[in-house]
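Quick note, the sequences are listed as chains A and B, same order.
For the first sequence, full-length UniProt numbering begins at 1 and goes up steadily by one.
For the second sequence, full-length UniProt numbering begins at 1 and goes up steadily by one.
Just so you know, the hints here were simulated from the structure itself, not pulled from any lab data.
All residues carry an ideal CB built from backbone N, CA and C; glycine is no exception.
Accuracy of the hints is not assured; some may be wrong.
Claimed, not checked - Not everything, but these chain B residues come out facing chain A in the computed CB check (under 8 Å):
no.: 1; residue: F11
no.: 2; residue: L28
no.: 3; residue: V29
no.: 4; residue: G39
no.: 5; residue: Q49
no.: 6; residue: P98
no.: 7; residue: I154
no.: 8; residue: S158
no.: 9; residue: G162
no.: 10; residue: A169
no.: 11; residue: F170
no.: 12; residue: A265
no.: 13; residue: R271
Letter by letter, the chains look like this.
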Amino acid sequence: MIKERTKTHFSAIAMAAMLGVSALAAPANAETLRMAWAQDATGLDPHKQAAFSSIRLLELIYEPLVRLNANLQIIPGIATSWAFSPDGKELTFKLDPKAKFQNGAAVTSADVKASFERILDEKTGAVNRANYSSVASIEAPDAGTVIFKLSQPDVPILTAMTDTNSSILPASEIAAGTIGTTAIGSGPFKLDKWDPNSKEVLSANKDWAGGPTGVDGIEISVLPDESAILAAMRAGQVDFALLNDPLIATLVPREATLQLNRAPALAYHVLQLNPSRKPMTELAVRQAISCAVDRQAVLDTAALGEGKVTGPLTMPFFASDPNGLFCYKRDVEKAKKLMADAGVADGFTATVIAATGEPPTAAAEAQVLQAQLAEIGIKLDIKMMELNVYVDTWLKGDFDMAVALNGGRPDPYTMYNRYWTKTGNLQKVSNFADDEIDSLMQQGRAETDAEKRKAIFNAFETRLAEQSPWVWLYTSYGYTAQQKSVQGFVPMPTGSMFSLAKVTVQR
Amino acid sequence: MNYLTRRLAAFPLVLLGVSVIVFFAIRLVPGDSITAMLGTEAGLLTPQQRDALAVYFGIDQPWPVQYWRWLLNLFHGDLGISATYGKPVLEVILQRFPLTLELALLSMLIALSVGVPAGVFAATRNERPSDLAVRVAAMIGQSTPSFVFGLLIIYVLSAGFGVLPTMGAFTPLWEDPIRNLGQLILPALTLGFAFAASVTRVSRSAMLDVLSDDYVRTARSKGASARSVVWRHALPNALIPVVTLSGIEFGYLLGGAVIVEQIYALPGLGRMVLEAILQRDYALVQGAVLFIALNFMIVNLLVDLAYVALDPRIRLENQ
Numbered sequence: 001m002i003k004e005r006t007k008t009h010f011s012a013i014a015m016a017a018m019l020g021v022s023a024l025a026a027p028a029n030a031e032t033l034r035m036a037w038a039q040d041a042t043g044l045d046p047h048k049q050a051a052f053s054s055i056r057l058l059e060l061i062y063e064p065l066v067r068l069n070a071n072l073q074i075i076p077g078i079a080t081s082w083a084f085s086p087d088g089k090e091l092t093f094k095l096d097p098k099a100k101f102q103n104g105a106a107v108t109s110a111d112v113k114a115s116f117e118r119i120l121d122e123k124t125g126a127v128n129r130a131n132y133s134s135v136a137s138i139e140a141p142d143a144g145t146v147i148f149k150l151s152q153p154d155v156p157i158l159t160a161m162t163d164t165n166s167s168i169l170p171a172s173e174i175a176a177g178t179i180g181t182t183a184i185g186s187g188p189f190k191l192d193k194w195d196p197n198s199k200e201v202l203s204a205n206k207d208w209a210g211g212p213t214g215v216d217g218i219e220i221s222v223l224p225d226e227s228a229i230l231a232a233m234r235a236g237q238v239d240f241a242l243l244n245d246p247l248i249a250t251l252v253p254r255e256a257t258l259q260l261n262r263a264p265a266l267a268y269h270v271l272q273l274n275p276s277r278k279p280m281t282e283l284a285v286r287q288a289i290s291c292a293v294d295r296q297a298v299l300d301t302a303a304l305g306e307g308k309v310t311g312p313l314t315m316p317f318f319a320s321d322p323n324g325l326f327c328y329k330r331d332v333e334k335a336k337k338l339m340a341d342a343g344v345a346d347g348f349t350a351t352v353i354a355a356t357g358e359p360p361t362a363a364a365e366a367q368v369l370q371a372q373l374a375e376i377g378i379k380l381d382i383k384m385m386e387l388n389v390y391v392d393t394w395l396k397g398d399f400d401m402a403v404a405l406n407g408g409r410p411d412p413y414t415m416y417n418r419y420w421t422k423t424g425n426l427q428k429v430s431n432f433a434d435d436e437i438d439s440l441m442q443q444g445r446a447e448t449d450a451e452k453r454k455a456i457f458n459a460f461e462t463r464l465a466e467q468s469p470w471v472w473l474y475t476s477y478g479y480t481a482q483q484k485s486v487q488g489f490v491p492m493p494t495g496s497m498f499s500l501a502k503v504t505v506q507r
Numbered sequence: 001m002n003y004l005t006r007r008l009a010a011f012p013l014v015l016l017g018v019s020v021i022v023f024f025a026i027r028l029v030p031g032d033s034i035t036a037m038l039g040t041e042a043g044l045l046t047p048q049q050r051d052a053l054a055v056y057f058g059i060d061q062p063w064p065v066q067y068w069r070w071l072l073n074l075f076h077g078d079l080g081i082s083a084t085y086g087k088p089v090l091e092v093i094l095q096r097f098p099l100t101l102e103l104a105l106l107s108m109l110i111a112l113s114v115g116v117p118a119g120v121f122a123a124t125r126n127e128r129p130s131d132l133a134v135r136v137a138a139m140i141g142q143s144t145p146s147f148v149f150g151l152l153i154i155y156v157l158s159a160g161f162g163v164l165p166t167m168g169a170f171t172p173l174w175e176d177p178i179r180n181l182g183q184l185i186l187p188a189l190t191l192g193f194a195f196a197a198s199v200t201r202v203s204r205s206a207m208l209d210v211l212s213d214d215y216v217r218t219a220r221s222k223g224a225s226a227r228s229v230v231w232r233h234a235l236p237n238a239l240i241p242v243v244t245l246s247g248i249e250f251g252y253l254l255g256g257a258v259i260v261e262q263i264y265a266l267p268g269l270g271r272m273v274l275e276a277i278l279q280r281d282y283a284l285v286q287g288a289v290l291f292i293a294l295n296f297m298i299v300n301l302l303v304d305l306a307y308v309a310l311d312p313r314i315r316l317e318n319q
């Protein structure tokens, strides 16, 4: 490979010299971006795939109605404009007349209607369906307009629509039942080849409504070992890579030709307590655990300090200063007193579950927490599990405590309604309901004024930290590494790599 | 019925046993295709959504019904469809197998061409410093995990020399033999290194045994040269344990070398099975394990036949 590249390079220079032009005069978009990641997509149906790795591929092929920018503000996707009716029960979108699917057909309101009806149909098993419980009907008065009629005001619905899981698919492909086997979207790249767990070949979609892409195509190699990814970047074989392990990411800046991109992530590392299991049924015990945990030390030890201590809300607009939250400054004496108040001064034994390698810091986090909680007499037994076994156990709520990395969302309601409302789908996992928290969530869902919403969710966050059903620890970074010759990548808090659409390579 | 026919007749029975074990074992592990695809988001599904996905993945029926259906299809040569790849299981396996076979053969070649001469050399210099040196090297080779050795090679090449064979996109032998060898040589070295160490140790001790046998003494007393004694008289008999060891190792390698494939990003059988287990791609796991079991049985049979070729005193009928 190296030899071959040197040869190509040499002949390019020779040719340039012969023609009397500079080799650098080649247009920037004549390049293919060579990319690598450790985990491959697991499927092509954008409505069904929830894995981070799948979304990273699908977001380059499919488009939602609206998107988020790096500041988590909503910007146009397939829709150029949108508006809520004054009563908040109607949401109207105007579609981009230039938007085209990769099969040449224009994206129309019929496609939007068919796509959302597919998501709402329980037979699809669409992962985002839970976010659209307020949708009563979808109307398509003309080819360029779509109206969502809602049963109640639902502000977060717009943020849910920014998800790749709510992508617009061709109505014809839905009818033909080919979603998941072929990938025809309206996004910046077409999928030419997918060899699962080995490679993907994408080519630029010349018809993309967003204009020309910065590269001609993207070739993604699946290199399951991240140290091998770093080695391949050192050797100049890979231009751009997605990294997961902070230990590997921190090595990137040591290489002169490489650059590390870090974006604070919305996902949060958390110690989930199970408030339905004794003695964590007692508020004082949960608070004691919260007071006994040194969040900064967990971050420093398990993740080399690569992150930021966080409260429940991780999105910059809503997040408050964690230092103002209950017991965010470690206080072992207070923790011991709370344990004594709850009648468990001698401590207790509990099992904490964690998934092997997911996140890579899970085992280290569990160990640090084990040492910290030992100081107030809590003996933690760590049980490491294969990811799927962990997920199964987690979904059943069958644990005393769980070390978790839970996904974050740009909207607090969408992020937490599943756990902290009384009708939340994951009540079985959180095992905690509180009237005040539930009521604050409902208020936040209906409120349209941004500042008022912020105040509501601030109160929600304060109450949640005080009730300590979970102990929120820190948010880490989403990492990508690139050759310095790659330009124009914008890291996103959602982990989205959509800006690859405009990236250029100057080799 | 002769030996070969009897051995071949036992194949279907063994495979049936393997199929039962793998079918139920993979389903006994908590989690299923739905949690593998959706992770914790699976908790957001309504019961109806969950049922629809179960039908999609073919896991809606009770296990015995699922097994029976799968077995019936198997008799028609249909191993099912892989949920991850969206292709017939056999096609996916056969796509991955050439790489695995080539890697296994290459690493065997490296191991035997280094291990056997080293073992013989050490045996003929029993307890001398050169024997000790070979034994220490073999000990290091055997006790260095392949991921350490593999990562070390990658690190030294990329950090020290800025070169590395292409990883990720694999080139088959028939498309570009040179590029293919370039991609496989380091993984084969990594695997062959540890394997050569075992071969060295086994061939050394077997050789030592044989060298003290009566017939070797007779050959020596009849004036055969040292070279002829070692290579012509002793070695063929000393090879039997080496063949046994190689057979077992080769059988394992045909099941894929997970760690080495992982480090060098080779799309072989081992990684495929690992991913299939993690994704709970039941059809693929079942098909692949059957395929690997069949390979193992064939290799075992070949090893038994090799014994006869090496030592005419062995009669398979009496085993």
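Hint-by-hint comparison with the structure:
Residue-level restraint check for B:F11 is violated (minimum Cβ-Cβ distance to chain A is 30 Å; threshold 8 Å). With 8 Å as the threshold, the beta carbon of B:L28 stays out of range of chain A, its nearest partner Cβ sitting at about 11 Å, so the hint is violated. Given the 8 Å rule on beta carbons, the hint for B:V29 holds: about 6 Å separates it from the nearest Cβ of chain A. Because the beta carbon of B:G39 sits about 6 Å from the nearest beta carbon in chain A, less than 8 Å, this interface hint is met.
For the restraint placing B:Q49 at the interface with chain A, the shortest Cβ-Cβ distance is roughly 5 Å, inside the 8 Å limit, so the hint holds. Given the 8 Å rule on beta carbons, the hint for B:P98 is violated: about 14 Å separates it from the nearest Cβ of chain A. Interface restraint check: B:I154 against chain A, minimum CB-CB distance 5 Å, threshold 8 Å, status holds. Annotation: interface hint on B:S158 holds; nearest CB of chain A at approximately 4 Å, less than 8 Å.
With a cut of 8 Å, the hint placing B:G162 at the interface with chain A holds, because the nearest CB-to-CB distance is about 6 Å. Given the 8 Å rule on beta carbons, the hint for B:A169 holds: about 5 Å separates it from the nearest Cβ of chain A. This hint holds: B:F170 has a C-beta 7 Å from the nearest C-beta of chain A, less than the 8 Å allowed. Hint status for B:A265: holds, given a least beta-carbon distance of 4 Å to chain A, under 8 Å.
For the restraint placing B:R271 at the interface with chain A, the shortest Cβ-Cβ distance is roughly 7 Å, inside the 8 Å limit, so the hint holds.
The structure does not agree with the numbered hints 1, 2, 6 stated previously, though it agrees with the rest.
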